[in-house]
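**Q** With the hints as extra help, turn the sequences into a complete structure.
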Amino acid sequence: MKHQPTNAERRDFLKSAGGALGAAVATGFPAIISAQTVTNAIKVGLVGCGGRGSGAARQALTADDYAELTAVADIDQSQIDNCLRNLKRLAKSAPRVKVETSTQFVGLDAFQKVIDSKVDVVLLATPPGFRPDHLAACIAANKHVFCEKPVSTDAPGVRSVMATADQATQKKLSLVAGFCWRYNNMIQDTFQQVESGAIGRLVAYYATYYTSPVKPIPPASTRPAGMSDVEWQIRNWYNFVWLCGDSLVEQAVHSVDKIAWAMRDEPPVSCVGVGGRTIPAEGGNIYDHFEINYIYPNGTRAFLANRQIVGCYNENSDYMLGTDGACTIGRGPQPRIEGKTNWAFSGQQYDMYQREHDLLFAAIRKGQPMNDGKRMATSTLLAIMGRMAAYTGQQVTWDQAMNSQEKLFPEKLEWNGSLEVKPRALPGVTKLV
Amino acid sequence: MGRGDARLGVTIVSLVLLSAAALAQTDEAERANVRRISDRVHAAARKSSGRYRVTIPNTTVSYDMVPVPAGEFTMGSTLKKDEQPPHKVRLDAFWMQAHEVTWDEYRLFMFANEDAGAAAKDQTADAVSHPTRPYVEMSFGMGIDGFPAISMTQHAANKYAEWLSAKTGEFYRLPTEAEWEYACSAGTGDLSKLDDNAWYAANSKGKYQTVATRRPNAWGLYDMLGNVMEWTLDQYAPYLPGDVVNPWVKATTPYPNAVRGGSWNDPPEMLRCSARVASDASWKQQDPQLPKSIWYLTDAQWLGFRLVRPAKLPGVEEMYRYWNSGLEHEEQ
Numbered sequence: 311m312k313h314q315p316t317n318a319e320r321r322d323f324l325k326s327a328g329g330a331l332g333a334a335v336a337t338g339f340p341a342i343i344s345a346q347t348v349t350n351a352i353k354v355g356l357v358g359c360g361g362r363g364s365g366a367a368r369q370a371l372t373a374d375d376y377a378e379l380t381a382v383a384d385i386d387q388s389q390i391d392n393c394l395r396n397l398k399r400l401a402k403s404a405p406r407v408k409v410e411t412s413t414q415f416v417g418l419d420a421f422q423k424v425i426d427s428k429v430d431v432v433l434l435a436t437p438p439g440f441r442p443d444h445l446a447a448c449i450a451a452n453k454h455v456f457c458e459k460p461v462s463t464d465a466p467g468v469r470s471v472m473a474t475a476d477q478a479t480q481k482k483l484s485l486v487a488g489f490c491w492r493y494n495n496m497i498q499d500t501f502q503q504v505e506s507g508a509i510g511r512l513v514a515y516y517a518t519y520y521t522s523p524v525k526p527i528p529p530a531s532t533r534p535a536g537m538s539d540v541e542w543q544i545r546n547w548y549n550f551v552w553l554c555g556d557s558l559v560e561q562a563v564h565s566v567d568k569i570a571w572a573m574r575d576e577p578p579v580s581c582v583g584v585g586g587r588t589i590p591a592e593g594g595n596i597y598d599h600f601e602i603n604y605i606y607p608n609g610t611r612a613f614l615a616n617r618q619i620v621g622c623y624n625e626n627s628d629y630m631l632g633t634d635g636a637c638t639i640g641r642g643p644q645p646r647i648e649g650k651t652n653w654a655f656s657g658q659q660y661d662m663y664q665r666e667h668d669l670l671f672a673a674i675r676k677g678q679p680m681n682d683g684k685r686m687a688t689s690t691l692l693a694i695m696g697r698m699a700a701y702t703g704q705q706v707t708w709d710q711a712m713n714s715q716e717k718l719f720p721e722k723l724e725w726n727g728s729l730e731v732k733p734r735a736l737p738g739v740t741k742l743v
Numbered sequence: 350m351g352r353g354d355a356r357l358g359v360t361i362v363s364l365v366l367l368s369a370a371a372l373a374q375t376d377e378a379e380r381a382n383v384r385r386i387s388d389r390v391h392a393a394a395r396k397s398s399g400r401y402r403v404t405i406p407n408t409t410v411s412y413d414m415v416p417v418p419a420g421e422f423t424m425g426s427t428l429k430k431d432e433q434p435p436h437k438v439r440l441d442a443f444w445m446q447a448h449e450v451t452w453d454e455y456r457l458f459m460f461a462n463e464d465a466g467a468a469a470k471d472q473t474a475d476a477v478s479h480p481t482r483p484y485v486e487m488s489f490g491m492g493i494d495g496f497p498a499i500s501m502t503q504h505a506a507n508k509y510a511e512w513l514s515a516k517t518g519e520f521y522r523l524p525t526e527a528e529w530e531y532a533c534s535a536g537t538g539d540l541s542k543l544d545d546n547a548w549y550a551a552n553s554k555g556k557y558q559t560v561a562t563r564r565p566n567a568w569g570l571y572d573m574l575g576n577v578m579e580w581t582l583d584q585y586a587p588y589l590p591g592d593v594v595n596p597w598v599k600a601t602t603p604y605p606n607a608v609r610g611g612s613w614n615d616p617p618e619m620l621r622c623s624a625r626v627a628s629d630a631s632w633k634q635q636d637p638q639l640p641k642s643i644w645y646l647t648d649a650q651w652l653g654f655r656l657v658r659p660a661k662l663p664g665v666e667e668m669y670r671y672w673n674s675g676l677e678h679e680e681q
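Just so you know, the protein sequences line up as chains A and B, in that order. Quick note on the numbering used here: the first sequence kicks off at 311 and runs consecutively. Quick note on the numbering used here: the second sequence kicks off at 350 and runs consecutively.
These are calculated hints, taken from the structure and not from any lab test. Keep in mind the model is a prediction, meaning the values are calculated, not measured. One thing to keep in mind: the hints can contain errors.
[As the list claims (entries may be wrong)] List of simulated lysine to aspartate or glutamate pairs, EDC-like, C-alpha gap at most 20 angstroms:
#1 A/525 to B/636
#2 B/554 to A/648
#3 A/398 to B/636
#4 A/402 to B/636
#5 A/423 to A/476
#6 A/525 to B/486
**A** Following this line, the structure appears as structure tokens:
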């Protein structure tokens, strides 16, 4: 058609479409760095060029007008090619995608080459098993980091991340975690209500994470001849506990993180759990369902139900029950509180993924580092603790989880190496280590 | 055709002439499949008029089709700038789905390729491109059974129309903006008692509601106003002065396209037959991936659609154009 509406008209519509209850999302948070006068480039390196890593790169380039993507790492050149092609299609970011052939690195040591390529910020978006080592290398080399969740698949990795986060604090480096709900203004407002006593004292938290499987393992017959165990497992990372941590740790950790939030990031005393695999998935070793029950020092309980099976009832909700009312997230677009206090979120919801990067880059510009390190480590461990309880069939205390010696990530990893798949855990048989 | 006489004429319309450049861009596999669906549609063309019920083959899911007579109406209003100028529009007859497409219907399409039963296998229907499996629960806790499907892109709605055409042997597509407004006004203009007729911000309790639980309009169409906004085929663009016949403003860019009807989330002023909303890239803002999905609008929890079945059957090329009217791609 010959005529296009003006941007002003489109904005008017957005306002109207936003409506009374505000389910629409605005295009940007109130400017954080609009008064930015610093125009030197911030060089960004990306480690893990899949869909999420590419999205994180886009958000980084959107967050700061002088951010440049200068180096990338992946295990597969085609992922790098796709990532760069998609980023170059974004008019605003394209000129700042400055990744030469010489700064595209492929392989298990590619992350180190990105770190060594004189970047200022590294975005970590590989499968989570790699995270502790990647993060340690970034902080050792004085890089600011955006770090996707979860941050480890085992307790030794969590301890490593905690030590690394302390170093980041000492070095005044920013470390922002991809526990995105912490950066969602709608959920922030909701937790603020709960923390200020809108439902009285919190008695129980029930969270659901019933979804479809993420990346089911393909038939073994599709494995190319000569492909090593390590390559096969990394390419199908979601099916191996050492790489993904299992669905509870990789996905439902978002709900775990909200539980931690409600408990003011204080650890539970212990937990018990059930879990297993109902639908066969030959070759992998993850469960397809979990239900965990955490108990806290003040007697509050938190229940988390997690399933990844096709064709079942799906739900992703949070129910907080207090002495004076209940708070519900995820039954309809707006969180609400009912009881002595009646409240529903109103206003605009901003893009939480973009917000993570807006704050990270603003912190770097202002020289006022932010550090999610402790929180991201404890939320990850809280999920790992639940997995341990389900895998072993035992009650697991926080101290046991924190001190667990079970190291899932291989000591030595070679691209062409062989790597046995540990059998799927059997409650009552699998030991708590 | 007279009022109320939505008689189906099996008319092969002459093919749209395509430029060499456009021809080069066409997708031959898609075109061949559209030809197969077209054959099916022509073979199945029925003579009936009036309201009727369709049960999607091999399922128990059904929906009603309501006849909308050919006629002329005044499109637009003087209330808002983008509704001006009011202008005369002539339209051919069509049937329209009596209610918004429900999850019961849409999920058959979303999960069509995962159907374990071989009985329902249909190569032509299965050849229509299908949504990627959604990872999260796409009703956002608002409910599935009998509730309207939401958060799909216009591309997804187009592909649903193609799939449903293959399944049923009846030709379906999204309504044009003019068809939508005409059907909404039902020859009587806007409804006066909004609370009896529509789910909107003041009465929806913050979520969509079961379809067809408010009063229908004069032509028997439910929830044209409120519950969920509805996709049309058209690019959102200023109206041109002058009378038009069967207008369709073809999209040349992925955004903005025209969306109509207001939703559970809107104030009364948005619930008017002539009120227009422009789709926007921010409607899938919270998709953290790059590239973003071409199937889902993560942030449009108030947007659905319903389909029409034109009384005059289009030719193969036109079908192709309706079902591939504006492929989603990354904004900017």
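**Q** Each hint: holds or not?
**A** Right, here's what the structure says about each hint:
1. A/525 to B/636: Roughly 18 angstroms separates the two Cα atoms, so the pair holds.
2. B/554 to A/648: Within the cut-off at roughly 13 angstroms; holds.
3. A/398 to B/636: 18 angstroms, holds
4. A/402 to B/636: Since the Cα atoms of residue 402 of chain A and residue 636 of chain B sit roughly 18 angstroms apart, the hinted pair holds (cutoff 20 angstroms).
5. A/423 to A/476: 24 angstroms, violated
6. A/525 to B/486: Holds: residue 525 of chain A and residue 486 of chain B sit about 16 angstroms apart, inside 20 angstroms.
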